[in-house]
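Letter by letter, the chains look like this.
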Amino acid sequence: MAGLIEFKNVCLSMEDGRPIFDDACISLKAGERILLTAPVASGKSDFVRLIAGLRRPEGGALNILGVDLAVCGAEELTAVRVRMGFVFQENILISNLRVIENVALPLLYHLGQSYEAHMEAAERLLLRAGFRGDPWAMPGPLPLYVKKEVAVARALALSPQIVVCENLTEAMTGSEKESLCALLVDYHEAEPDRLLVFTADDAGDAALLRPSRRMEIRDFRFAE
Amino acid sequence: MQIFYRIGKNAIERIRVLYGVFRLSAVSVGSFASLLGKTNMANRIVFLRQIYFTGFEAIPIISWLATILGIVIVTQTLNILPLVGSDAIIGEILVWVLVREAGPVFASVIVIARSGTAIAAELGSMRISRETIALEVMGINLTGYLIAPRILGTAVSTFVLTFYFEGISVLGGYLLAGLGKSITFSAYITSILGAMGLLEVGVSLLKSVLFGLIIGSVCAYHGLKAEKSITQIPQKTTAAVMGSLSLIFSLNAIITFVFYF
Chain R
-15 MAGLIEFKNV CLSMEDGRPI FDDACISLKA GERILLTAPV ASGKSDFVRL IAGLRRPEGG
45 ALNILGVDLA VCGAEELTAV RVRMGFVFQE NILISNLRVI ENVALPLLYH LGQSYEAHME
105 AAERLLLRAG FRGDPWAMPG PLPLYVKKEV AVARALALSP QIVVCENLTE AMTGSEKESL
165 CALLVDYHEA EPDRLLVFTA DDAGDAALLR PSRRMEIRDF RFAE
Chain C
19 MQIFYRIGKN AIERIRVLYG VFRLSAVSVG SFASLLGKTN MANRIVFLRQ IYFTGFEAIP
79 IISWLATILG IVIVTQTLNI LPLVGSDAII GEILVWVLVR EAGPVFASVI VIARSGTAIA
139 AELGSMRISR ETIALEVMGI NLTGYLIAPR ILGTAVSTFV LTFYFEGISV LGGYLLAGLG
199 KSITFSAYIT SILGAMGLLE VGVSLLKSVL FGLIIGSVCA YHGLKAEKSI TQIPQKTTAA
259 VMGSLSLIFS LNAIITFVFY F
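So the sequences go chain by chain: R and C. Position 192 of the first sequence, counting from 1, maps to 176 under our numbering, and the rest follow consecutively. Position 61 of the second sequence, counting from 1, maps to 79 under our numbering, and the rest follow consecutively.
Honestly, the hints are just simulated from the structure, not real lab data. A hint or two may mislead.
[Unchecked claim] Each computed DMTMM-like pair below joins lysine to aspartate or glutamate, with the alpha-carbon atoms no more than 20 Å apart:
#1 R:28 - R:154
#2 C:246 - R:100
#3 R:161 - R:189
#4 R:-8 - R:30
#5 R:131 - C:154
#6 C:246 - R:-1
#7 C:199 - C:75
#8 C:246 - R:170
#9 R:161 - R:185
#10 R:28 - R:60
#11 R:131 - C:110
#12 R:161 - R:177
#13 R:-8 - R:203
#14 C:243 - C:154
#15 C:246 - R:30
#16 C:243 - C:110
#17 C:246 - C:154
#18 R:28 - R:-1
One chain only, chain C, in its complex shape:
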């Protein structure tokens, strides 16, 4: 009986977290238009700073990792080309691997490691030091100022970083691993463009935006759950990372299944 109680309690807790995360995402998306207007400068500053930190400052590490992954994938693909007997398949393989799957997932993992952890720790720290109360008594809406700009900034950054990751891995991979091999650069690009349709771009876009929203929402949710002690901050940060990873890998599988099965 005890085990059913535990399973049930665990399930209810997970549903509660998912509902909280979904609610934060929905409220943030709803407030997107107000960030672009001139009405609330404070919120817009938080939004732009989040994009700077999550998007712009991640470019060096994203470039480095995308190039390395590109080298690995291009090297392996070029190795199997003689077995298949057709150069045209290189585009298919790279689009399947890098654009459909690795791009959105790898970019998201980097965003979780850099920015998700920072969001959870920062919000947790603000909660414990009662800074959230100071904001409230100034008449500042916590969701509008503290949470939504971070979530939306993370979503916009993840979207941009995903396409950047895909571009760098495809181009960098060829330049470092494929140059001078059996396939010319023009044949390589033609093959990739031939394999990449609207569906691939659209699904990659959908994944990147959803993953960004999830990372921001999960990390903000867990960060704000820290209330009593500073020792809760690393616990909540770990919960945020694990929660983001679980949701992103699950959602990636679901989207792939829905669009490509």
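Chain R on its own, in the form it takes in the complex:
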């Protein structure tokens, strides 16, 4: 069975020429829950950027959902991105949209049904993510953890097949970690073809994430 995410001899380097990935290979399949650990500045963010199509590999092939991101066009890339959900370390929320609008945005943009239906769906997603504040508040002043709840709700809005969380549990308390990890694990287990990828500095939260595979970035390559 082909992986949903496949790195085949992927090479990537920094602006100054130092390598990030060198002939890196990995195959992440449907149903798997991956915990990818590596120390700070050793390629985790670049791994996420590659999967998101924000960077193209300098060598090798990078297949996501059957599409080679190294050579695909804009439309193919968009089609792939719609089937993925990302939770970035910085919880980037759209500052000029309200909390509920942040979550509804992918629905409004990609599905185009009634506005009310999408807003109700967004509200349900927020509640499921544990958000208990005012959904019509602006996101700027929200605490870090609440922003993370909103970011997770937004990432799950289109029911993506692949969910990638970058350093999800960073700067969170024990109960906060537990609640968000449980939500994501439940989401992953609801359908057998979903792939959930966590990146972290260390494997400290492995018990919460219960990964089916643990991987590391070592010497510019992936290691089990």
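Assemble chain C onto chain R, guided by the hints.
Frame of chain R; chain C shown alone:
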């Protein structure tokens, strides 16, 4: 030799900016039809919000400034009427000054001050805080969602505000400065309608739409050029204002020359 290098570099940079602005305008105009359809609700919401902010919320300040300008122009015109000896010329003067020139330019200057600066600062801030990346990974087209609705919203608003400005300045000017003077209201209106032909309306429309497109495009272009530091936002906003003003005054002169020379 150094001076030629600098002049050449400056010219190339300006051409590059003009090309970028033109490209943004062209792409936005091309996507206008899709904003009116039901296919993409998110883009349409941005478009309507831009019209609300740039057009609707500008009405009080536009009304105020248009009335003041109308008072000044009507007062001066009424002062020179005895020298000319004909009431009919008041319409000609007001149409020349307010409809042909001041309306489109003043409305655009207000749009630059209120909305152009906001567009440049907002897009610059979104770029620096990586919100544009968050949009991209959601499969959202930045031009279609972030840029085109703002540019088109600004163009539609500038068009409406220009005609509103012209109407208020002509009417408000008479009511506050001309009422009870040597010319009656009906003679005043007849004189203005007599001086205003299709050409005046058409050129005013052309100017307002083009100016709106330019303001939106220049401000979006400069805003999105902010990439590295938050200190770039005021720099890019200033560049957007200066660029918009330069282009609008230049284009105004060109259009006036082409149609009225």
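Query - 20 Å Cα cutoff - pair residue 131 of chain R, residue 154 of chain C - result: Holds, because 19 Å separates the two Cα atoms, which is no more than 20 Å.
Query raised in the report: Holds or violated: residue -8 of chain R with residue 203 of chain R, Cα cutoff 20 Å?
Result: 16 Å, holds
Report task. Below or equal to 20 Å on CA atoms is what counts here, so check residue 246 of chain C against residue 154 of chain C. Result -> Given pair residue 246 of chain C, residue 154 of chain C holds - Cα atoms ~18 Å apart, limit 20 Å.
Query raised in the report: Between residue 161 of chain R and residue 185 of chain R, does the CA-CA distance stay at or below 20 Å?
Result: 15 Å, holds
Report task. For the pair supplied as a hint, residue 246 of chain C and residue 30 of chain R, confirm whether the alpha-carbon distance does not exceed 20 Å. Result -> Status holds; Cα separation ~19 Å.
Query raised in the report: Between residue 243 of chain C and residue 154 of chain C, is the straight-line Cα distance small enough, at 20 Å or below?
Result: 17 Å, holds
Query raised in the report: Given the proposed pairing of residue -8 of chain R with residue 30 of chain R, does the C-alpha separation stay at or below 20 Å?
Result: 16 Å, holds
Requested in this report: Would you check the hint for residue 28 of chain R and residue -1 of chain R, treating anything up to 20 Å between C-alpha atoms as holding?
Outcome: With Cα atoms ~16 Å apart, residue 28 of chain R and residue -1 of chain R stay inside 20 Å; holds.
Query raised in the report: Hey, residue 246 of chain C versus residue 100 of chain R, does the alpha-carbon distance stay inside 20 Å?
Result: Between residue 246 of chain C and residue 100 of chain R the Cα gap is close to 38 Å, so the pair fails against 20 Å, i.e. violated.
Requested in this report: For the pair we were handed, residue 246 of chain C and residue -1 of chain R, check the Cα-Cα distance against 20 Å.
Outcome: With Cα atoms ~16 Å apart, residue 246 of chain C and residue -1 of chain R stay inside 20 Å; holds.
Query raised in the report: Does the alpha-carbon distance linking residue 28 of chain R and residue 154 of chain R stay inside the 20 Å limit?
Result: Within the cut-off at roughly 14 Å; holds.
Query - Hint consistency between residue 28 of chain R and residue 60 of chain R [alpha-carbon to alpha-carbon, up to 20 Å] - result: Cα-Cα ~24 Å, so violated.
Taken one by one, the earlier hints fail for this structure at numbers 2, 7, 8, 10, 11, 12, 16, listed in ascending order.
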